[in-house]
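These protein sequences, in sequence, are chains A and B. UniProt numbering applies: residue 1 is where the first sequence begins, and numbers increase by one. UniProt numbering applies: residue 1 is where the second sequence begins, and numbers increase by one.
Hints are supplied without guarantee of correctness; some may be wrong.
Given that identical chains are not distinguished, each listed pair holds provided it fits within a single copy or across any two copies.
[Stated by the list, open to error] DSSO-like cross-link-like pairs, simulated, lysine-lysine; straight-line CA separation at most 27 Å:
1. K221 with K349
2. K311 with K300
3. K35 with K172
4. K217 with K376
5. K300 with K35
6. K35 with K291
7. K200 with K35
8. K332 with K200
9. K300 with K321
Calculated directly from the structure, the hints in this document are not laboratory data.
Number of protein chains: 2
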Amino acid sequence: MSQFDYLATHSDCSRPGVTRLVFSERDVEARAVLKDWMRQAGLTVREDVMGNTFGRWEGSDSGAGTVMTGSHSDTVVLGGPYDGALGVVGGIAAVNTLRKLGFKPAKSIEAIMFTTEEASRFSIPCLGSQGMTGFLEPEVLDTFKDENGTSFLEAANAVGFSAKTAQEYADKALLKNPGDIAAFVELHIEQGPALEAEGKDIGIVEAIMAPSLVRIKFTGKGGHGGGMPMSYRNDPSLAASELALRIEEAALATGAPETVATVGLWDQQPNIYNAVPRSVLLDIDIRDSDKARRDGVIKKTLDAAEEIAEKRKCGHTKELKFEYPVANCDEKVLTAIQNAADLVGAKSKRMISRAYHDSAFMAQIAPTAMIFVPSKNGLSHHPDEHTAPEDLARGVQVLALTLAQLAGPSSVAASDKSEL
Amino acid sequence: MSQFDYLATHSDCSRPGVTRLVFSERDVEARAVLKDWMRQAGLTVREDVMGNTFGRWEGSDSGAGTVMTGSHSDTVVLGGPYDGALGVVGGIAAVNTLRKLGFKPAKSIEAIMFTTEEASRFSIPCLGSQGMTGFLEPEVLDTFKDENGTSFLEAANAVGFSAKTAQEYADKALLKNPGDIAAFVELHIEQGPALEAEGKDIGIVEAIMAPSLVRIKFTGKGGHGGGMPMSYRNDPSLAASELALRIEEAALATGAPETVATVGLWDQQPNIYNAVPRSVLLDIDIRDSDKARRDGVIKKTLDAAEEIAEKRKCGHTKELKFEYPVANCDEKVLTAIQNAADLVGAKSKRMISRAYHDSAFMAQIAPTAMIFVPSKNGLSHHPDEHTAPEDLARGVQVLALTLAQLAGPSSVAASDKSEL
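Please work from the sequences and hints to get the whole structure.
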């Protein structure tokens, strides 16, 4: 718990919120702390060109591959202390526990900290894991800018990562031997209300929803809020209001509780009470556990934007910023998690992840699954994000036992799983 | 024209926009320039405790009172070069023209620059003219803050205005002898499309709409945009979208083209695509030439906010930030403007002002009217705000001739109106 508290002090907002955008001063500090904790846990630390950081525990069987676990250390603006941090701090703790208990793994084990899972700075998620798994389109490192107009490339260079081009970042981050990854497991808070509502301790994640981001901008001629009669207006804020309600309607219309759509960002200009707006830019997050169903909501959103713009004589632009597939988890890894949960007496359930994670990309190249612990009131990306200490500890226990099963005891060491 | 261009260089944004918030560095520079121009026009400059600035031309008849003209030099964020500036620069130019032509006024004439007509910094308009006319509630100088949490009192002190309390500002700004004001005339761009649409050169403003500002904040529990199912949400952005459409409906429902309502400010938090919003604050500008009709739209807005919040299980707060009366103009001043317009062969029309102005407060204590010139496409509070040079010049001519009639020729000087 003190580690989570300490990590949360590396933040650009006051507690209980945590704001730690990738490559900010606070993120650079947090990275140093996490590398330090990896070393204290006896791990050998290496860092790739994008800042993905690996703490390695060499197994006895050098040809048997590597079991990986990890998550991200960056946060959204005004996020909480556990989103991402649990999987990094907890991953190191799980490995440390296994070492202290005298466990000797056959396969090597690595605790990972991925660079920028959150899209909060560069409007695109999972840059680090996309880079490692070959999903990264290099140009996004140049073309996606933060609110100050800085690209990932520039921001990474500014904090000491030295690749000179977006292509060089992508080439060097790509895992050279993905077949060596025996399994990947990510421990994370649920970020939703299901575990708490059903009185479960552990979620065993068998699929990760297909996320997408749609950006719509409506424009109008603006004008003075007093001077411009209603009949002369083509107010983009009213077009955006209509669209927001149509998107809600489209998400509800699938009838599936897995369909979610959120108008998360609303940027109105000039945004002063006595001026008719000239533009409203909306970022719309649309996800589903079923890609076709999600794509249906995307289509309704784009069609509605066009129809509303025409009706209100507004200009509009539409852009599908990203859309990723559904990630399916691996049955062997799921079984290991199930065994681990049973071993500690945890009430568990199979579930899907509504949030995306670095696991969504790792699952495309390696046997992957996730372990969820409950989020109080389902809250995350929120200063009130909370998970009870005993739930955090139970998650780390389950992760440790899962890693032990997946890595296997060394045949040359005098230890076996029952000691745990 | 070069004066407007030069004034517009004192701006915190790039041209063609102008951003000059009250007591910013740029505003302090602009004030120095305007005082300089007043002195160059032969006027005696004085400044009151709030920064209202007066350039006085002493008339021959010291007991006959003073004819005043003026407007404001501050702008909205991303405004244009003429809103306010025309009435200050044009007021000085009109007086200067009369002097150069050898006119000797019986009554004294003053060119005024009012402090912060725009509400862009402190969310409340016309602080200077409210102070002069006794409408100012002193506490607003303390309680209304800019986006950095600075009050008018603090900002004024920081640029050298020395009153120690809000009450002292209000007491000292109050005109001690309002009965001395024989007339007030304000030259301004229309900020609406009527003159251009009807092919008129000059608007003779017989009333100023009753403005009001309603602030509504919706709140919800927020959450992760992927993790939080639609059925668990109480999204304040969707409540705000419904309200925006209901406000439009209420404004259109009066059937009067004078009714306008604008959701100008939309502040959504945390405002990131993958977080369900936790709060949306709306600033809503509602005006009408008929106070009762306006108050009806305010009531519908407040009632709809309550109904929507209840339906969507959102929290909400409602606040009527300000509401001012309709200002009626003075027939004697209107006639003087009409005569002046006829004299220069301008096509004029009587009209109401949809925007409010310092004149709205001056009209409460002195015979007042306004002169409008056309706004291209009706645009104002906008970088594309434009008025043709010949329309600006015609406005200044009409103002000069109006002032000459209202001040009257000196009985001791050898000049008369026909020389103009």
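So, going through the hints one by one against the coordinates:
1. For the homomeric pair K221 and K349, the shortest alpha-carbon distance between copies (26 Å) is at most 27 Å, but the shortest distance inside one copy (53 Å) is not.
2. For the identical chains of this complex, K311 and K300 are neighbours both inside a copy (16 Å) and across copies (25 Å), given an alpha-carbon limit of 27 Å.
3. For a Cα distance limit of 27 Å, the shortest separation of K35 from K172 inside one copy, 21 Å, qualifies, whereas the shortest one across copies, 63 Å, does not.
4. Only between protomers do K217 and K376 lie at most 27 Å apart by alpha-carbon distance; the minimum there is 25 Å, versus 35 Å within a single protomer.
5. Proximity of K300 and K35 under a CA criterion of 27 Å is satisfied in neither setting, with 46 Å inside one chain copy and 58 Å between copies.
6. Taking CA atoms no more than 27 Å apart as the test, K35 paired with K291 passes in neither setting, with 37 Å inside one copy and 66 Å between copies.
7. In the homo-oligomer, the alpha carbons of K200 and K35 never lie at most 27 Å apart, since the shortest distance is 33 Å inside one protomer and 73 Å across protomers.
8. When the C-alpha separation of K332 and K200 is checked against a cutoff of 27 Å, the pair qualifies only within one copy, where the shortest distance is 22 Å, while the shortest distance between copies is 81 Å.
9. With identical chains, the CA atoms of K300 and K321 are at most 27 Å apart within one copy only, with a shortest distance of 16 Å there and 39 Å across copies.
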